[in-house]
Amino acid sequence: MRWLPFELHTHTPHSDGTHSLLEMCRAAAELGLDGIALTDHNTVSGLADAEAVSKQTGITIIPGMEWTTFYGHMLTLGAPYCEWRDLGPGDIHKGIARVHEQGGIVGIAHPYSFGSPICTGCHWDYTISDWNQIDYMEVWHETMPPMKNHNVPAFRQWTELLNEGYRISATAGRDWHRSNPADNLAAYTYIGLPDAPLPHSLTDIIAAIRQGQICLSMGPLLEISLTLGADQYGLGDEVPLVIREAHSVAELTVQITRSAQPERPWGAEEGTLIIVDSNLGELAKVPACGYDGLPIMLTTAGLGWLRVRLFGTIDGILTTMACTNAIYFANGQRDEE
Amino acid sequence: MIMLVLFRYRYHIDDYRAKEVQTMHKDIIAVEGKLTPLSSKTHITYQVHLEQPLSALEIDFRYAPKPFLDREASQPLILEAIETYSDPAWVELHKKQWENFYPLQNLLTLSLDSPTGFRGSAHRHAPEQQHIICPDRSKTSPGFIAGDVPSGVWKVTISVHCVVTPDCRYELSVRGTGR
Numbered sequence: 338m339r340w341l342p343f344e345l346h347t348h349t350p351h352s353d354g355t356h357s358l359l360e361m362c363r364a365a366a367e368l369g370l371d372g373i374a375l376t377d378h379n380t381v382s383g384l385a386d387a388e389a390v391s392k393q394t395g396i397t398i399i400p401g402m403e404w405t406t407f408y409g410h411m412l413t414l415g416a417p418y419c420e421w422r423d424l425g426p427g428d429i430h431k432g433i434a435r436v437h438e439q440g441g442i443v444g445i446a447h448p449y450s451f452g453s454p455i456c457t458g459c460h461w462d463y464t465i466s467d468w469n470q471i472d473y474m475e476v477w478h479e480t481m482p483p484m485k486n487h488n489v490p491a492f493r494q495w496t497e498l499l500n501e502g503y504r505i506s507a508t509a510g511r512d513w514h515r516s517n518p519a520d521n522l523a524a525y526t527y528i529g530l531p532d533a534p535l536p537h538s539l540t541d542i543i544a545a546i547r548q549g550q551i552c553l554s555m556g557p558l559l560e561i562s563l564t565l566g567a568d569q570y571g572l573g574d575e576v577p578l579v580i581r582e583a584h585s586v587a588e589l590t591v592q593i594t595r596s597a598q599p600e601r602p603w604g605a606e607e608g609t610l611i612i613v614d615s616n617l618g619e620l621a622k623v624p625a626c627g628y629d630g631l632p633i634m635l636t637t638a639g640l641g642w643l644r645v646r647l648f649g650t651i652d653g654i655l656t657t658m659a660c661t662n663a664i665y666f667a668n669g670q671r672d673e674e
Numbered sequence: 062m063i064m065l066v067l068f069r070y071r072y073h074i075d076d077y078r079a080k081e082v083q084t085m086h087k088d089i090i091a092v093e094g095k096l097t098p099l100s101s102k103t104h105i106t107y108q109v110h111l112e113q114p115l116s117a118l119e120i121d122f123r124y125a126p127k128p129f130l131d132r133e134a135s136q137p138l139i140l141e142a143i144e145t146y147s148d149p150a151w152v153e154l155h156k157k158q159w160e161n162f163y164p165l166q167n168l169l170t171l172s173l174d175s176p177t178g179f180r181g182s183a184h185r186h187a188p189e190q191q192h193i194i195c196p197d198r199s200k201t202s203p204g205f206i207a208g209d210v211p212s213g214v215w216k217v218t219i220s221v222h223c224v225v226t227p228d229c230r231y232e233l234s235v236r237g238t239g240r
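If you read the sequences in order, they're chains A and B. FYI, in the working numbering the residues of the first sequence are 338 to 674. FYI, in the working numbering the residues of the second sequence are 62 to 240.
Keep in mind the hints are simulated off the structure, nothing from the lab. A quick note: this is a predicted structure, and the numbers were derived from the prediction, not measured. Warning: the hint list may mix true and false statements.
Derived lysine-lysine pairs resembling DSSO-like cross-links, with alpha carbons at most 27 Å apart [as the list claims (entries may be wrong)]: (1) K485(A) <-> K157(B); (2) K157(B) <-> K127(B); (3) K102(B) <-> K431(A); (4) K216(B) <-> K95(B); (5) K127(B) <-> K216(B); (6) K216(B) <-> K102(B); (7) K216(B) <-> K200(B); (8) K87(B) <-> K200(B); (9) K156(B) <-> K485(A); (10) K95(B) <-> K127(B); (11) K200(B) <-> K392(A); (12) K156(B) <-> K127(B); (13) K216(B) <-> K431(A); (14) K102(B) <-> K127(B); (15) K216(B) <-> K87(B).
Assemble the whole structure, with the sequences as input and the hints as a guide.
Spelled out as structure tokens, the structure:
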């Protein structure tokens with residue numbers, strides 16, 4: 338598997354962005370990104386240039402849209418335009434089904450941004466009756482996302498949903514409207530893709546996001562692997578119940594790779610911690626420099642999910658530098674469903 | 062609906078022969094309206110039947126006012142939004158800084174549907190907009206999908222995301238170009 342940094346939330350003059358797709362993709366290449374998702378507000382017309390721009394810049398372009406509705410903003414990836422204007426605040430599942438029927442996936446954008454009249458429809462107000470239909474949540478929004486107030490409840494909600502047994506991917510999104518080299522850094526959404534020849538297939542990218550083969554990061558890539566006996570599991574995988582019950586201890590390895598971008602120098606330096614989160618709380622908190630590539634032993638009893646965070650200092654502020662999506666554990670209840 | 066048909070004549074030199082090309086401009090929609098905050102979160106759709114295919118559609122759209130420049134009337138609206146949307150831990154801090162969110166803005170956006178489906182939108186903040194939709198991608202306005210303008214039922218939808226001023230007036234006109 339190879340891990341490539343993407344930016345999954347962008348705009349151009351086809352909605353309210355100011356940089357053209359070509360300008361944005363050139364800037365993306367300079368920022369070290371491999372791909373972007375074009376998610377203009379309520380239109381897909383900007384995608385007409387995608388093939389030519391992708392060829393010119395080497396940036397993969399995922400077709401998408403940001404449903405910019407009265408009751409919430411919803412990102413769609415891999416689907417053509419799907420109708421939103423006939424939906425009320427109780428009808429989002431009808432809208433999600435339209436996207437899924439077209440082979441796309443949906444993600445809640447910036448769920449805790451301020452809503453109308455400060456920012457119209459920016460706060461998520463749709464009623465969700467089945468969280469299994471939500472493919473991903475944008476838990477890190479805008480630049481320097483781990484330090485933004487409105488991302489705190491979004492991240493917390495994602496964690497609570499994982500605790501309730503839902504399998505929802507988490508992404509970062511800059512909500513990129515203009516290319517300004519003076520802007521603060523945005524996070525990468527690293528996506529784990531098969532070791533297939535380039536270009537990456539859209540189907541593989543969409544499947545990886547839905548599956549949660551994702552690491553959000555201000556720079557360093559966290560690759561994690563969980564070993565129970567002879568079996569290994571990666572992000573988005575499920576550890577079967579029989580395997581968990583057969584092994585009371587699992588070995589977790591975390592590989593921390595610094596970004597090649599000089600403006601993102603963070604890695605497994607002294608003072609940086611690897612934190613293993615789970616439905617049982619923090620399972621481990623160990624110095625990153627001591628455990629980069631070495632196994633962390635974890636007790637498997639009662640686990641529903643786990644994820645890894647890298648915690649350290651960015652610009653003098655202690656914060657989450659990177660966070661993986663989850664590895665899941667099957668439980669008896671789920672198997673009976 | 063009032064229909065005005067104008068004729069314009071242009072001359073092109075082609076193989077040493079003067080060739081007359083007739084371009085027809087046809088008013089299709091010419092409306093205006095007044096909105097109040099009650100219209101927030103509503104869609105206003107103008108539906109029109111084109112009897113003949115056209116070579117292009119031109120849309121003019123404007124609304125005013127854009128910002129709500131009444132500080133006193135804005136304050137309770139902003140405070141209410143902060144109470145509704147802020148994480149409880151930050152409510153008091155945001156309230157102290159309520160002027161960060163001043164002035165509030167009206168937001169109306171336009172979208173277009175052809176007889177065969179969605180033809181694009183202009184989700185942006187400019188309160189005066191002009192758009193062209195035609196088969197030529199380089200001439201079609203950003204946000205809209207270039208292509209033929211066939212006969213049949215077309216819809217222009219004004220999505221009223223937010224009216225925060227006591228009154229908001231809009232004007233919409235659609236003109237067709239034929240040959």
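Hint-by-hint comparison with the structure:
1. Restraint check: the Cα-Cα separation between K485(A) and K157(B) comes to about 18 Å, which is no more than 27 Å; the hinted pair holds.
2. In summary, the hint linking K157(B) to K127(B) is supported, as the alpha carbons are separated by about 25 Å, within the 27 Å threshold.
3. At roughly 19 Å between alpha-carbon atoms, K102(B) and K431(A) fall within 27 Å of each other, so this suggested pair holds.
4. Taken as a hint, the K216(B) and K95(B) pair is honoured in the structure, with Cα atoms around 20 Å apart against an allowance of 27 Å.
5. Only pairs whose Cα atoms come within 27 Å are accepted, and K127(B) paired with K216(B) is accepted, the gap being roughly 24 Å.
6. For a cut-off of 27 Å, the pair hint linking K216(B) to K102(B) stands: about 18 Å separates their Cα positions.
7. Restraint check for K216(B) and K200(B): satisfied, since their Cα atoms lie roughly 21 Å apart, inside the 27 Å limit.
8. Of the pairs offered as hints, the one joining K87(B) and K200(B) holds, with about 19 Å between alpha carbons and a cut-off of 27 Å not exceeded.
9. Simply put, K156(B) and K485(A) have alpha-carbon atoms about 17 Å apart, close enough for the 27 Å limit, and the pair holds.
10. For the suggested pair K95(B) and K127(B), the alpha carbons sit about 14 Å apart, so the restraint of at most 27 Å is met.
11. This hinted pair checks out: K200(B) and K392(A) have alpha carbons roughly 23 Å apart, not beyond 27 Å.
12. Between K156(B) and K127(B), the direct Cα distance comes to roughly 24 Å. Compliance with the 27 Å bound is thereby established for this hinted pair.
13. Between K216(B) and K431(A) the CA atoms are separated by roughly 22 Å; this keeps the pair inside 27 Å, and the hint holds.
14. Taking the CA atoms of K102(B) and K127(B), the gap is near 16 Å; set against the 27 Å cutoff, the hint holds.
15. With a C-alpha separation of about 16 Å, the suggested pair K216(B) and K87(B) falls inside the 27 Å cut-off, and the hint holds.
Every hint from the earlier list agrees with this structure, and none is contradicted.
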